[in-house]
Amino acid sequence: MAARHLYVHLPFCSSRCGYCDFVTVVGRRAEHGGYVEALLRELELERTLLADPLESVYLGGGTPTLTERGALEHLLDALPPATEVTVEANPETVTPGLASLLAGRATRVSLGAQTFSPALLETLGRVASPDDVRAAVYALRDAGIDNISLDLIYGIPGQEPADLARDLAEAVALEPEHISAYELEAKPGTRFTHAHGAELERQADSMESYFERVVETLTSAGFRWYETANFCRSPELVGGRDLRAGHNLGYWLGRDYLGLGVGAVSTIESRRWRNTPSLARYVSSLAGRKRPPREVEELSRDVRVTERVMLGLRLDEPLPLAPLEHALDPVELERFAKLGLVELGVVPDRRAEGGDPGTLTLTRRGRFVGGGLTARLLA
Amino acid sequence: MLRISAKTGEGVEAVLDAIVERIPAPAGDPDAPPRALIFDSSYDQYRGVVAFVRVVDGVFTPREQLRAMALGTRFEAQEIGFMSPAMRPVQELRAGEVGYVITGLKDVSELRVGDTLTGEKRSAAAAVPGYKDVKPMVFAGLFPTESDDYPELRDALEKLKLNDAALFYEPETSQALGFGFRCGFLGLLHMEIVRERLEREFDLDLIVTAPNVAYRVKPMNGEWVEVHTPADLPDAFDEVEEPYIKASIIVPKEYVGTVMELNNDRRGRFDHLEYLSEQRVHLTYEMPLGEIVLDYYDQLKSRTRGYASFDYDISGFRPGDLARVDILVGGESVDALSLIVHRDFAFERGKALVEKLREEIPRQMFDVAIQAAIGARIIARETVKARRKDVLAKCYGGDISRKRKLLEKQKAGKKRMKQVGGVEVPQEAFLAVLNLNETAKR
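Keeping their order, the protein sequence lines are chains E and H. Mapping to numbering that gives the first Met the number 0: the first sequence position 178 is 177, numbers consecutive. Mapping to numbering that gives the first Met the number 0: the second sequence position 164 is 163, numbers consecutive.
Calculated from the structure, these hints are not laboratory results. We put the beta carbon where it would ideally sit given N, CA and C, even for glycine. Among the hints, erroneous ones may be present.
[As the list claims (entries may be wrong)] BS3-like, lysine-lysine: derived pairs with alpha carbons at most 30 angstroms apart:
1) H:K131 - E:K186
2) E:K337 - H:K120
3) H:K408 - E:K186
4) E:K337 - H:K413
5) H:K120 - H:K131
[As the list claims (entries may be wrong)] Derived list of chain H stretches under chain E, where covered just means 3 residues or more per stretch with a C-beta under 8 angstroms from a C-beta of chain E:
6) 208-221
7) 381-390
If we strip away everything but chain H, and leave its shape as in the complex, we get (with noise of 0.2 angstroms):
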């Protein structure tokens, strides 16, 4: 047992000591050719890319020629030194030892964390093993309020990219929200934290769509192939499989039933039930990733009081009775509101969508169908009537210009609608689907 305070610093020494005593020196050769694996970067506006790396084996020294194992990037090493915790620069980092490496690399995109370093002249036979490919299972897509911070937005994603390895991103253009990226998560609580850090860390305002799971789809005769946006999935297929979770929820007893009820409503299979203490039960559920992402946790926590914890882990995918819900408005399919839902739950979901669009969209100088359909079979639809009045009252000499600046607002306030089929759509109206399990089970 070892005293030490956290606050005051005592005793930390002690366990500094313990470390070194119990915990077995890195095994590596400091004679091989150089290795070290890049657990981490950052970048700087003046010095580049700077990767934090473990000296596996041999020496790096700075001015050193460089190479990157999997990307086969060189540059030279134009420092190196240890965190301490300040970084503070050396002549060597040797086998065993941690530091960082300033690479002068402008384009974070030339490193990534989980490659090897070696040195160019001794290169070092096999790469560092890394570290396991993370696949994302929760996508969303990623637009900018603004259509011209698009270059922003991308700029911030790469730098993020530099230490978040599991953040996957691809160009994504929407009819309806223009230029943007579909963007892969681990899960939720990532996909919260990067969407936190774009807006505060690069000051971007963001919209960010429906999440929505990967899917593995095997077309009419064709290879599986995974869609990650609802409406790249094909109208016909062989079939569809969705990713699955355990999921583990610990509530006090009381609520086991309501619990109970919310999983059977989001497809979960039960699985186990176990009392940890007298108050207090384990469950847990085989449950679809995609019931989960909208609003699950918000229903968990408003259900049990806020009593309930819930943890999850993917337990691969399952096939399941999917289909492709667009909605179409004004008879023009609106590429950013389509979902995949159970079958089951196609008629229910399409419904609630469309009403809340009808209560989105605002009335038009025409009536406006909106509409849900899986194929060419409409499953649901409301119309949003078109308004009888927009005239400004009156108008003479004195008030013209008053007038035609309340004509440029009206103009300006229309640009920052979406335009789909003629129809204005407000950006709010994008997000409708997010409430959507809300509205459907009230």
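Chain E on its own, in the form it takes in the complex (with noise of 0.2 angstroms):
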């Protein structure tokens, strides 16, 4: 079957975050026109893989907008359309004009808020300041861009509780269709773990009650907590607009995906590969019209149950077990059911022998856990 999420990467940023482990290029605003070139001809490669329409296109990066403008109007003018289409932003590279070329092509914008304090964000390595955020919005609410997302990170080395209070109070302020709010990674490797990795887990109890002040203010300020770290606008307050992040929504749903770019990774049926990180290697590759270097996994299939199920409980809505219900350990379901971790939902017409075995949903306390009763239910 074909993919219809797509997602494009671009790596270029103007400095690297300390905490960032994607693929990234620094500087280098003479190979952007290039790189372009490159992904588009990764896509005729590709497009026999892409379902027609797409349910959704991502443009991720990086940092999408800081691509040559010419370069970037040309991609998005080129991609398959969609009826979702993401683009990534730093705050400090919306201007207005930015904002206008990305309203008639992108339906929804992504921004990498992270926090509102100046202190926090220089912990970070952001260039962006507080009042770019703010400005960000307003210029993509003027040019009238309807979906914007904020993302939030909490558990930044000498955060307080008050900072993290303020800065949901400022990211809700801002009306976004959606937040999404991440505990601080320290991701091997990168220069914050090797920085702040004895402070972060220092401080990992005290992560407790951030994620459950992060889950509270949000889903009492009208926000619907539909994914582990992804709150949308809850549909009732907006006219029952279904505000999820579609392209996640993919991934979160086990659907196939296809990714372009360098280190960007796609998911067909059975098989995932890596591109690979080089741009050089990538764009030499395609400028001779071949597919650039690729790490490829071939996925099993209980490694596609164990991440149906992994990614599948990130999620507030039921997963169905029929196809993963000898994954489960049945003693484990019973007990995280009796303790009010888990719900099991039988269908309503579930046959009398052999019928569905119904669908399995955390219940709200089992979603602070989640990761550990996934472990569980599937050892």
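Using the hints, build the complex out of the two chains.
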């Protein structure tokens, strides 16, 4: 089956954030145009893998909005149409000009706000100021973008509970349609982990209350906690609009996706591959109309089931058990149900014998420990 | 006075002559049916069980059909000889001589130290008296860290038993630790040596449970039985007895007070105090063996800055006011953590143990009650509060594989834990009871 979700990686950044482990490239403006050409060539080579029409296109990075204006415009115009087109943006890059470029071409903009505290922004090594975030939101609104997501990070070394409360309040005040709130991860090998790893470990216990505060604050402000780290305005408050991130939802529902660009990952049926992280090798391969070097991972049935459970249980919607049942420990399922951590839904028209086993949903309490639950259910 | 040097070997011959001169020749009848006492044995991968024997009567020759009198095992002596010190085959071993017999037996349990070898055709009427059966007094569970190693542990114990008649073992199943063996030892040093040999000579990774002593119990209207595992002590019984020791401690006089205090804490009954010199004092106490098996020696050493020396002899069983304290994790009793203690200490020990366990058991996805109970009565309780957060921060298309690998690592980590009533208990927790006295006393 063809992929309905397309990811496009734009690696360019003005500087590298210490905590980031994505494939990024600083500077090299002269290469932006060539890179976009390479992207479009890769798209040509893989077009047969894509459904028509697409459900979602996602331009991630890097800082996609830092890509040289002409090249970005060319790319957006050349990509196949999709119901949802999201572009990731760093606040300091969002000028009225950029906003109007995006307005006709993207349906959704994801802004990396991270925090509204200047000191903590500095710890993260972010360029934007809190004012840049606000200005970016206003510019996007003025240009007519009606689906804005803000990224927040909590657990930044030195962040007090009051800082988090203020970040949440500031974010809510900007009335975004969507908020992603991540705990800062010490990713192995990053500069940040080297500098702050010990501090992150020390504060691990207090992150419990931070996570609770995030969920509490956002759900009481009218957001739906639809994924472990993602919130969208509740449909009943926005005339029934489903404001979940359609592209990411594809990942969490275990759908196939094609990724274009350096370091981009694709998963189609039982095969996953990652393009070379080397910009030079990526561009030169495609200049010769050849696929870039790739690291391929074959996904066994067990692995796919594991991933389906791992991803599906991040969502607030019931996970159908039919294809997964044998992978889950029935004793643990029953135990967690008794403890009020999971709910087992039985499909109403369940046929007598060998019928549909129903669904599995984590309760609110269960979702706070969803990772641990998943590990035990799959053990 | 003989002048010899063990280093250069000078004068050694004179020693040998002196031995011949002064020690009477073994009395034995070279013409009687052959009889030999097995005093040690070993296992050779190629030649099977090798018995080391002292010939009491008669003559042994190679290729002779032999029989072990107590076990009834029959075999042909494949080779006999002297140890000098390497094996030197000979054509006969005569009364009064000491040597080896290669039996060819492949199963180490077919021959036992203390048994008597005799000829199959010309059999001796009675076995050599052999050795007094020593009764193990200290018991501990030995479990392989990896449950797959159980057969290796069994083979290793069989081989150790070959030349360690005092080692006792029987299979034990713990719901928490899986399959292992309950082993009996003469004392603490013996236990330490066996553990050390198993780990070093047989390369095994072991969990050794807290040691306990042998108890004699008379169940309600029943016969006296010996109990080697706390979990086996019945809830209700008429009487229970525990082994006592005569403890002998030599210590500089300034530490007499602190040693007496320690011994009183351990239910010791003062017996005797004697000045060996102006500085050194010899103390003797009657103490329950159960009070010294855990950490008594460490405590004695640390309280006397290492100056105390300690020795003991088993002096017999005495009645005791003892009770079994069970530990419940998440409402389920954990057999490997039960302990038998004097009623006066039950609360204190139970409390210390649940406190210790609260530190050892990681937070789970739900509250976990840790309780100490005597019968149905809960005497102490602690709670491990539930985790409030256990999630991976973010997960998108680019790092699903990495996140899945994290999850698999988490799963593997959980497999190494023991599940009790849905609670994951790390193996370290089972050793908590080992450090208990120290915690309780401070």
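Consistency of the hints with the structure:
For the hint pairing K131 (chain H) with K186 (chain E), the CA-to-CA distance comes to about 66 angstroms; that exceeds 30 angstroms, so the pair is violated. Note on K337 (chain E) and K120 (chain H): the hinted pairing is violated, with a Cα-Cα distance of about 73 angstroms set against a maximum of 30 angstroms. For the proposed pair K408 (chain H) and K186 (chain E), the alpha carbon gap of about 16 angstroms is at most 30 angstroms, so the pair holds. Taking the CA atoms of K337 (chain E) and K413 (chain H), the gap is near 21 angstroms; set against the 30 angstroms cutoff, the hint holds.
Of the pairs offered as hints, the one joining K120 (chain H) and K131 (chain H) holds, with about 28 angstroms between alpha carbons and a cut-off of 30 angstroms not exceeded. Restraint check on the stretch 208-221 of chain H versus chain E: 0 residues with Cβ-Cβ distances below 8 angstroms, three needed, restraint violated. Check result for the stretch 381-390 of chain H against chain E: holds, 6 residues qualifying (beta carbon to beta carbon below 8 angstroms, three or more required).
Checked against the numbered hints given earlier, the structure breaks hints 1, 2 and 6 and satisfies all the rest.
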